[in-house]
Every structure is written in structure tokens, then in C-alpha cells.
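Produce the complete structure using the sequences and hints provided.
Numbering (full-length UniProt numbering), first residue to last: 1 to 981.
No wet-lab data here; the hints were simulated from the structure.
Don't take every hint at face value.
Within a straight-line C-alpha distance of at most 25 Å, the following computed PhoX-like cross-link-like pairs (lysine-lysine) qualify [as the list claims (entries may be wrong)]:
{"no.": "1", "residue 1": "300", "residue 2": "365"}
{"no.": "2", "residue 1": "562", "residue 2": "661"}
{"no.": "3", "residue 1": "528", "residue 2": "562"}
{"no.": "4", "residue 1": "661", "residue 2": "768"}
{"no.": "5", "residue 1": "484", "residue 2": "372"}
{"no.": "6", "residue 1": "45", "residue 2": "95"}
{"no.": "7", "residue 1": "955", "residue 2": "973"}
{"no.": "8", "residue 1": "365", "residue 2": "45"}
{"no.": "9", "residue 1": "45", "residue 2": "955"}
{"no.": "10", "residue 1": "978", "residue 2": "955"}
{"no.": "11", "residue 1": "300", "residue 2": "279"}
{"no.": "12", "residue 1": "372", "residue 2": "45"}
{"no.": "13", "residue 1": "870", "residue 2": "838"}
{"no.": "14", "residue 1": "95", "residue 2": "138"}
{"no.": "15", "residue 1": "484", "residue 2": "528"}
{"no.": "16", "residue 1": "129", "residue 2": "300"}
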Amino acid sequence: MSLYSLAHVCGAPYTGGRICFSPDGGCIIAPVGNRVTVYDLQTSKCTTLSSQTRSDLAIVSYHPTLPLAILIDSHGYGYILNLLRDRILHRLQFKSSSTIPTEKNHSSLLPPNEAQRLVTDAAFSPDSKYFAVAIGTKLCVWRSPAEQLCWRMSLHRELVGHMDTINSLDWSSDSRFICTASADLTVRLWSVNPIEGFVPCAFVDHRRAVKAAFFSADMHRICAISREGVIIVWKVAGADEDGENAAKHLGRNKKKADRMTKPMEAGNSADIATAVWVKETQAYCNQARNTVVSRVAFGKATNLVVIGFTGGIFGLYRFPSFDSIYTLRIGNELPVVDSVDVSRDGDWLGLACSETGTLVVWEWKSETFIMKQQGHSSGIRCVAFSTGGGSSINVGGVVDKEMRSDVDQHHAGNKLGLGSRYLVATGGFDGKVKLWDTNSGICFVTFSDHTASVEAVCFTPQANAIITASLDGTVRAFDLFRYKNFRTLTASRVQFISVACDSSGSIVCAGSKGEAYSVFIWSLQSGKLLDELHGHSSAVTSVAFHPNIAYSGFLVSASWDKFINVWNIYGRADKGGATEPLLNSSSIVAIAFDPRDNNLLAAAVLCGQIVFWDLDNSEQIGTIDGIRDLQTGRDHGEFYASNNTRGKKGQVGDLQAGVNKNQHFNSIAYVASGRTLIAGSRNSAHVCVYNTEKYTLLYSMTLTSNRSFSGILRELNSRYMNEYGHSIQEYDLSDEDEAAEGASERRRIQAHNALPGVQSSELSKLSKRFHVWQVACSLDGRQFAAATSHGLYVYSMDAFIKTPNYAKETLKSIGTFQPQLLTKNVTTGNVLVALEEKEYAKAFILAIALNDFNTLLRCYENVPASSIGKVVASIDTEFICVLLNFIRAVINPDSPSGTIHLNWHLLWLEEIFSIHMQTIGGLGDINSWQGMVTSGKIDIRTMLLLLLRQLRQTKANISGVLSSNYHTLEYIKTLAEKNGE
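Okay, here's the thing in C-alpha cells:
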């Protein structure tokens, strides 16, 4: 069982599909692959839910009243998701009746003769009773999921009439009618239930495909916008002049003419069924040249229409006059607007672009950003956690106005020490370096100084700068005070692929490839090249300084030439500075030092093994053969299976039988305790966690099961193969556009510009392969991150669900609070009885043995301050870790279980450390990592680090508030003293 759970998917704020605001407007939900990310716009935090769909998400629809969302993927599968518990309640498939073999979605799991049409739009009715889905040319109305039906959906009605794909749908305010816009140039009006005298009508004034159609708030108008930017508004004929004009067009139909000349009462939706619609106005968007309408959203509360175009421009118009408020382009981050949404109150606009991974929330009245997030355009190549130095610095305290970085001042201005936050630095194939706060999942600074892929990144030990190595031939140092590149280190004509910094923070070394296979050493203070170490005959894939201060100056480098070289950069060649090579069985891909200062080194080799070296004796002490644990999938273009089962009878005794031997671990990282090792492979979606004492696999975590990626499934179905043995997913057989406007054209342009051998950049052929490039672990071992081709996957032991504010947030890692001692006396009733009888010690001991969070919190807050010492003294040594774990949960103000009683927490901690300090000091070696996995016990050292981090964060927050209000408090104090006199 894994102790980690998914917290965030950073670096990929948006990957395609529809975004939507929550009903209260405080959150926005964005698809991230086959998961959803919830952005809390009021607290500037986000969380990626762990529930997955089969393939990439296409539509996310929020329930109007319940904390539910219906997710629909690109294969037409629907999922009813409980946002509170992060659980999928029901699954179904929205099937289409079309059997046309030339279909848009050729990545579907269905064979060509069973092609599934794309679900182009879906929405709940305003009264939340129905759910409408547009599938191809068909409109399906379902009854909304309800608890009485175990959250299942039942089909209410199917409506057919369009001759081409339905692009959008919209509900009337009374939830009785639906209007649809189609690529067949028409807009149609439907009724949810059969109405006497109502005949579905069509509006046929457009000359191009209609992108969107919607009702006005009073249901007297229907507006439609075509792909070329033509806006047409139809109005119910209620006035005499409108009726006379409409009667002329009706000709011989006198009944309709007489019926429509009667004035229509406002708000009477029954008359819509028998009303006559007339064309009221026609307008044009006047967009830029060679741009078309991509997405449209309408805010009924404010009568605002937002129109997004393929040129990255969006326009804001007032309905029904269609006066242009403004037309803007948000920088260069939005080459095309793929999704648009408007909050319910109409103040905020949500814009997204899948090509650059940009998600923007814009306040149109003040023309300011509420949130702006952009990921790495070509994937994340490297990742590093902050070392959390002893000094607490003001992140973003001084910012140069002329710096070449994109800084989010809302997050960068937080006066928090680096030791009180999890900071992660990522480098991408696009040459950008980003800093993330993994507690909130938000990127707050971006550096764009590199001109090529960033291959390695590391923090200085003081955590005041980051060092990056790039293929552009430079090693750069970025200051975390001013957010600028303060040092650029260069050498001969080489490319740098690895980097490290020594314990003093003054020496930087980097491994290279190209003209020379050397290790270059610079002084960070002066920027001068100090030395060039020769000794490798191939690319230097990894470099690392010894973590033990007793071995200061010892540098280890690994290369593809199978050698690990140990250098003493401060020693002379004839007195201790000579190279000590360690020969391995294959090329070295990555190395990692054991953090326990025992002079052990782990190395991942190309044959799929992880080798452990004792540097004191220069000998191997252990090996992990992890090739069977990788479980790589089969790519669509591969001609052999990842698990070869041919001739299995003759391979009974072979442990490597049926395993793809062309795989290996390309990144390894030690956990802070040193007892576990995290390993990731480039072509596998699994991250393996190994025990370094027994060299066994503890567990494996699957980052994604998205079938839209190639190589996820180990076995492919042969019915998707053509007569030549090629998979149908390799071909682009469609001449039609996809759900995103211009997606097919952009994909074919990229395929045309692709160069042979380029795997990850703008010049690579578009690949859906999922790669894990690097893994890294935090200093306290509570979090680890995996840098992948589709974002940064952050796993944490303290992952909570951040749901919208109106819903009560619940603990996700509820397994942390497990019963410690269960007997017939350890019950909630006995705890409450003892609490009422004021037997606080007995009540608290029973509560801590039961370890139920709510019961323990009740006892914790009801114990008098004078009795805290007696209660703490009566607690057994075995339960000290449990009590500290509980205080760790409630002391965090950002946690759903946190409380604001800071003084109360400090009183408890003071008594615990005063009474049990000697006991706590002896618990350092009691609970091993293996014990944590099997029994759920908590490492006391990690717990103390967590408590220290929370206290530092709380202190930083309080000191910032008090310092800015110090003189005001002094004035109030003086005024109160004078009034008292």
C-alpha cells in the first residue's frame, strides 16, 4: 500500500477540452489529460483529483446544485464524479448510432465499422433535472443522476433532425427547451417533453457552419454565431409591427399569423411553443484576417457574449445590441482560444489554449488577471526540490523591473521562508525554468533565458538560487531574491546535460557531451572556469557532490562509458586527487547518494539494474533487478509485444521470460530516511519504490492510465491492425476538423515540419507517448515529483481535496488516522462519558487509542489548560507519535482539518517536549520505513520536521501581519490606556 497520493499535476494547467466555472464562481475546473484540476480562485490554490477516465477529457459539466460533475472523454465514455470524495459514482457510454467508417476520432477503441461519434457538447438543465448531450447529429436528453437511483442516469428522449455534427447546445431558463447549433448551417429548437402544438423548428439564415446558439435570459430571443463571425438574432414576434412583418412571410398560414399577432406575456414560456420567430438583427464580429470563431460563451446574468478566435483574440460584446466592449489579445500565450466560459455573475472570463497549455481567468471590468497559468509547451525534462536551507528568506522580496522573467506578484510577495514551503524548480524542453509552490500547485515565476532544452536543475544548499544546465552550452544561476539570471557559466563547444552544487554553494560543476566528455568546474562567485576534469570517453550523464561534510570536495561523475569516477577537486593528482574509476556492467544513466552519510552510492545502469556501491571499499554491496517491475507498454508503431509470451512453455525457469529487456531506469532518487529509493523509467508510466536494505520492491505507483497515450497498454488488440500489420492509430485518415478548431491543421503542419530523430520539441513529430524523464524527492520525504512529458506529477503524504468553498472539505489521507488499540472499552461512547465526567486523562487516552479524528479533536479542545500537563504525562510512549501526528494535522491552517487556536497548539507542544523529550530523542530508530508501510506508524524525525515547517510558516504569516500593523496596534494600545485613566 502506497503512503503517497496524487496532490497536483503541475506544468500542464490545461490540455484540451471544455473548462467550466463552479456554480458559485469561486472555482474553475480544467481538464488535464484524463484528470481534472480544481483551481480555487479565492485562495489561489489548486488540486488535481486522482480519479481518471479512460482517455483525454473532452467535456466537464458541473451540477448546478450538488458537488457533482459529469466528465466525458474523447471516446464518449461518461463518468459521474463526486468532487467531495474524489470518487467515480457511475460510468456509462454515450453511444451514437452512426456507423460511418471515416470518422473524426480514429484513436477510438472501437473498430472502424463501429466508429463512435464525438460528444461535442453537454450541459445540465437550470433546474438540474436533465442532462443534454450532443453526439454527432443526435441530441440525447438524460435524467440527472440522483441518490434514489444510486447516481445512475436514464435516457429520457432522443432528438434527431440535424444533417451534420451538432456544435453546441443551450438550455432555456425554464428547462423546457433546447436550442442546438450545427455544422449543417442551421439552428434548431427542441422541447424536452412533448408539447401539444409544438413542432421543432429550424433557423436557416446562416451560410457557414454555426458554432454556437443560445437563449436570452427572458427566452424571447435566440442568438447564433457562425464560424465566419456572422451573428444573427431571432426574436419572438410579440409586438404588432413584428407580427405584421412576420405574417407577410407566412403567406397562406393564417392560423400562425393570427396566433403570433397576439402580444406575448413576458416570462410565459408556454407561448414559446406556439410563437413565431422572426429575424431581428444581423451583425459581424469584424475579426482579424484568416481567423475564424473557435469558441463562444454567453453570460445570461449580464448579457455578455464572449467570442474566441483562432488568432488568439477574444471579443466581448453586449447582447442583444452587440456593441463591442473591447477586443483583446492576451499576450502571445494564446495562439488559439480553445475554450471559453463565463462565471455565473458574469464578472470573470475563463480562457484556455491547449497548444501552449495556458489557462487564464480574466476580470473584464478592471481588465486584470485573476489567475494566469502556463505550462511547459513540450514537456518537463528535469525537476528539483528546494533544499530548504537554514535561513528563511523573503521570496520575491526585491524584484528588478527590467528582469527577463514572468513573475506572479500575488504568490511571489508571500513572506514565507523556503523552509516553510515545498518549492520545486522544473526545466522544460522549451528552454523555460519555472518555480512551483507544491502546497498550492501554482507557478509563480518563469525564467526564459535559455535558448535550448534545460537538461538539469538544482538548488544551492542555502536555497537562495537555482542552477540550470542546458543544451545551449550554458549553465545559468538564477537569484531567488530578485528573480534574475545573475551568472552565466560557459566553456568550450559542448552541451551540458548534468549539474551539481557543493555544500558551500560556491562551486558548480556540470557534465557535458559534444566536443569533449569532461566535467567543468566554476566558481559561482566570480564565474570563472576553475578546472576541467578529463577521464570519461562518453557523455557525462550525472554528477553529484558527496553529502557528508567530512568528504567535502569529493565529486562523483557517471557516464555512458560504464565508469563512475570519484574525484577530489581540492586534492592534488599525486596526493589524494587522483581519479578512482568504478566499472559497471553497462552504461550509467543516473546516480544518487544515500542521505544517511554512510558513503553509499546508487547507480542506475542501462541493463535495467540499480547497483549499490560502497565508496569506502570500492565494491558493489547490492543490486536491484527492476526490469520486471517496469511493465512498459507497447507503442502503436512497435512490431513486437512488450511482454513476449511466444514459446512460454520452454521458458518456465527463466525469470526474464516475457519481459521487454530493452528498458531501464533513467532516474533515481533517495527518500530522506535513506531506506527507500524511488526509480522512474522513460517509457513506463509506473514509478517504483524499493527498499534499500532488502533490495526489494515495496510498491509501484501508476502515474496515468490514459489510453490516449501510446504505450500504456501492454497488449494491443489485433482488430485495430490493417493487412500490413500497422496499427490504425498511426494514421490520420480524417479530412474533417476535430472538436478543437484548427487542431487537424496544426497537427499536420507539425508533422510536416518534423525532423528525423527529434523526439521532444517543436520540430518533433506529434507523439502521444508518455515519458517519465526524472524523479525527485523532498527534503523531509513527504513529497516526491515525477517530471514527465505531460506535466509534473506531485505525490504527497498530506494530499487533501480542495473543493469549492460552499462544500465541506474532507480529509483525503484518512488512512493516516488508524485505530492504534482496539478493545471493548475503546469506543466513542466511553470517550464521551469520560469527558462529561471530567476524567480528561482517561478520555484522551481512549480517544488516542481509537484515533478517530473528530473524537480526538473534541477531547483535544475540551481539556482545560491547567490539565494539559497531567494528560500529557499519562500518555504512553507508544502513542507519542500518534499525538504529534494529530497536532501536525490541526496546526496547519491550510489543511481542511486545521484550527486557528495557535496558542492552544503551542501549549500542548510545550508540555509534550517538556515531559517526553528524552523519550522522543530515543524514538529516532524505532520506526523504520518498512514499519511505516506495514503498520502505518509514523517516523518521529519526519514528524518533527513537519511540525517545525508548520511553525515557521505560521510565524512568517503572523510576523508579516504584525509588522505592517505595528504602529496601528501601538496607537490603539495607547488610546485604550488613556481612556482607562
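Do the hints match the structure? See the list:
no.: 1; hint: 300 - 365; verdict: holds (16 Å)
no.: 2; hint: 562 - 661; verdict: holds (18 Å)
no.: 3; hint: 528 - 562; verdict: violated (30 Å)
no.: 4; hint: 661 - 768; verdict: holds (22 Å)
no.: 5; hint: 484 - 372; verdict: holds (20 Å)
no.: 6; hint: 45 - 95; verdict: violated (36 Å)
no.: 7; hint: 955 - 973; verdict: holds (22 Å)
no.: 8; hint: 365 - 45; verdict: holds (23 Å)
no.: 9; hint: 45 - 955; verdict: holds (21 Å)
no.: 10; hint: 978 - 955; verdict: violated (31 Å)
no.: 11; hint: 300 - 279; verdict: holds (20 Å)
no.: 12; hint: 372 - 45; verdict: holds (12 Å)
no.: 13; hint: 870 - 838; verdict: holds (13 Å)
no.: 14; hint: 95 - 138; verdict: holds (10 Å)
no.: 15; hint: 484 - 528; verdict: holds (19 Å)
no.: 16; hint: 129 - 300; verdict: holds (20 Å)
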